[in-house]
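The sequence shown begins at 0 in numbering that gives the first Met the number 0 and counts up one residue at a time.
I should point out that these hints are in silico values taken from the structure, not numbers from a laboratory. Using N, Cα and C, we set each Cβ at its ideal position, and we do this for glycine too. Don't take every hint at face value.
Heads up, simulated DMTMM-like pairs for lysine to aspartate or glutamate below, C-alpha to C-alpha not over 25 Å straight-line [to be verified]:
#1 K81 with D65
#2 K135 with D84
#3 K135 with E169
#4 K81 with D63
Using C-beta positions, here's what the derived DEER-type ranges look like [as the list claims (entries may be wrong)]:
#5 L183 with K135: 56 to 64 Å
#6 D40 with L125: 49 to 57 Å
#7 T161 with E128: 51 to 59 Å
#8 A82 with R171: 43 to 51 Å
#9 L68 with L158: 49 to 57 Å
#10 T54 with V90: 21 to 29 Å
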Amino acid sequence: MRDGFEVAIVGPPNAGKSTLLNYLAGREAAITSDIPGTTRDVIEVRLEIAGLPVTFLDTAGLRDTDDPLERIGIERAVARAKAADLRVFLVDGESVPGLLPGLEDIFTLAKSDLNSKRVGHAISGLTGEGVALLVKLIGETLQGRVASAGTLVRERHRLAVTTAIAALAEARAEVVRPDSRVELAAEHLRRAVRALDALIGRVDVDDLLSEIFASFCIGK
Numbered sequence: 000m001r002d003g004f005e006v007a008i009v010g011p012p013n014a015g016k017s018t019l020l021n022y023l024a025g026r027e028a029a030i031t032s033d034i035p036g037t038t039r040d041v042i043e044v045r046l047e048i049a050g051l052p053v054t055f056l057d058t059a060g061l062r063d064t065d066d067p068l069e070r071i072g073i074e075r076a077v078a079r080a081k082a083a084d085l086r087v088f089l090v091d092g093e094s095v096p097g098l099l100p101g102l103e104d105i106f107t108l109a110k111s112d113l114n115s116k117r118v119g120h121a122i123s124g125l126t127g128e129g130v131a132l133l134v135k136l137i138g139e140t141l142q143g144r145v146a147s148a149g150t151l152v153r154e155r156h157r158l159a160v161t162t163a164i165a166a167l168a169e170a171r172a173e174v175v176r177p178d179s180r181v182e183l184a185a186e187h188l189r190r191a192v193r194a195l196d197a198l199i200g201r202v203d204v205d206d207l208l209s210e211i212f213a214s215f216c217i218g219k
């Protein structure tokens, strides 16, 4: 999450995906054309949405095709879209083959500038109609992901600290015993270190134990 989110713009050919990407970027990042299948490679544009780093992906138009080169582009598009954190489906009355939407994925009606009778959340990358609302929705969705992830991380850290404290207490209790068992104390310390790995990164357990036991002069 520190590297940001990926948002894939997906839909059939000529749905306005590249036009939307260019509008978001404020420049011509992708080539636009009336010829279906112009976009074959995934085009990336990094932006900041709601204070979060977001990489928008313009993908090849999804459709059934006999063109082997276009099919490769579509396969890549589907793979990147599936791996993305969020998908914006730009539809123009056509289904999108090869890709099932997730619960939080966003659906928009494309090319609102060409059909004023459309209802629902319609956008136009050409005029900018509805784009601000789309960006707001994307930001709210990703902010929700951050909040959920933060809760999970805090709970995981709490459990890690609790486990480490319990293991250290058991190790200390073992060390102060008159008949202390070094091997058992070491195992408790290993358990504490493994728990703390989640917080501070990997620690060389054997090196740490050597330092601890040397400082306590255990066995001497």
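Tested hints:
1. K81 with D65: Distance ~22 Å between K81 and D65 Cα, so the pair holds.
2. K135 with D84: Given pair K135, D84 holds - Cα atoms ~16 Å apart, limit 25 Å.
3. K135 with E169: violated (51 Å)
4. K81 with D63: holds (18 Å)
5. L183 with K135: 56 to 64 Å: For K135 against L183, whose Cβ atoms are near 58 Å apart, the range 56 to 64 Å holds.
6. D40 with L125: 49 to 57 Å: violated (23 Å)
7. T161 with E128: 51 to 59 Å: The hinted range 51 to 59 Å holds for T161 and E128, with Cβ atoms some 52 Å apart.
8. A82 with R171: 43 to 51 Å: With Cβ atoms ~46 Å apart, the hint holds.
9. L68 with L158: 49 to 57 Å: With Cβ atoms ~50 Å apart, the hint holds.
10. T54 with V90: 21 to 29 Å: holds (22 Å)
The earlier numbered hints that this structure contradicts are 3, 6.
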